Amino acid sequence: MRKSLVFGVLVVALSAIPARAGGPRKEAQAQVQFGIDVAQKGLWKEALFRWEKAVELDPTYAAAFNDLAVAYEHEGVFDKARQAYTKALALEPNNISIKQNYDYFKELNDRASRRTTR
Amino acid sequence: MTVRAAGLLASLVASAALVSCSSTIEVSVETPIQPKIDTSGFERVLVAGFVAGGSDDVDGNLETVRLLRSQLRTKSNLKVVEADVIPLADMLADQARAGGAAPPTIDPRTLPRQIKDEKDLEVYDPLFSNAAYWKKIGQEFQGPLIVTGSVLFTPNSSSGFVQKDREVIDQYGRRTVEPQRTYMERKGFVLRPKLVFIDGRTGAVIDTEVFREAVLYNQGQEVPALSSYFELMDRVIPAFLGTLASQKIRGTRVLLK
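Protein chains in written order, with my numbering: chain A, 1 to 118; chain B, 1001 to 1257.
By construction, these hints were calculated from the structure, which means they are not laboratory data.
Be a bit skeptical, because a hint or two may be false.
[Claimed, not checked] List time: in silico DSS-like cross-link candidates among lysine-lysine, alpha-carbon distance up to 27 Å:
no. : chain 1 : residue 1 : chain 2 : residue 2
1   : A       : Lys80     : A       : Lys106
2   : A       : Lys106    : A       : Lys87
3   : A       : Lys26     : A       : Lys106
4   : B       : Lys1036   : A       : Lys106
5   : A       : Lys80     : A       : Lys53
6   : A       : Lys106    : B       : Lys1075
7   : A       : Lys87     : B       : Lys1257
8   : A       : Lys80     : B       : Lys1036
Keep in mind the model is a prediction, meaning the values are calculated, not measured.
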């Protein structure tokens, strides 16, 4: 009884750890991590390059698309940012962080396009 | 056995939490917003003058020109032309009296004696599309980007129920805040600037931006008209600058691993 309880809790605990698939995902993760490191140092162009590479390596990696969208936003490339956010949300529709980023982006994009002739 | 298992579980849960916490990184981003108008072909900007009306307490033409020029001086790369402010409405009225017709599209007989509302201002609209007139102005100042338009600043009042928070202290000395609806007569102003951007080389209108901002003050709150004008213009200025100069909007985003 106790053993099954311990096993159950273990399964729950392990499921909280993100799955680490091998191959392309690992390589993409390395690119994403490098991108984050350089973005934190303000090197957004390099980060953009890394995250573009990451989504090429693993087109199912939602986090990479999210980060790529943030980089596009930072560069003012709104069309591409929207595409990347849409892709990230399609891959992980319930990811709160992606949703939040996308909401902020939409607000900003609306503000930019609101400056139209009234 | 149970203690060991619990310890193992605790450490696993903790490490899982650590992994999930460290997989998001908040970063600050500065998103550039491109100006609506491509100003690359201009070196100078001339805030020429405005057809102004409404309250007599504020010279809408002079104040708007002064304010926009000072903003452009510090927040745009264009060189601001320091020229006399063109009193557009007076100029047209004088021409009408003299029988002249500088902007041929305006019938001098239709010019109002005093500009009180938007309908009065509409009479002046053909002035802004008079390319020959603006081209001539542009030639005087080496083909700058011309900013002109109209400004209507009118008093406004409104009455109705207003919800205010009221602090209540009960018999035990505890404070609570209760919403209270009270009937109020409030006065304020409405500002309707219409900003017209003209290519001084051709006299053609590049863009037109129309805004409407209003403010109401509670009874007993005496706010001078000029202060109110600046308060309302403060709300318009970011959009005005966004039309001419790129802006950077600061914010935060979450990066994921």
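Q. Broken hints, numbered, in rising order?
A. Hint 3 is the one this structure does not satisfy, whereas the remaining hints hold.
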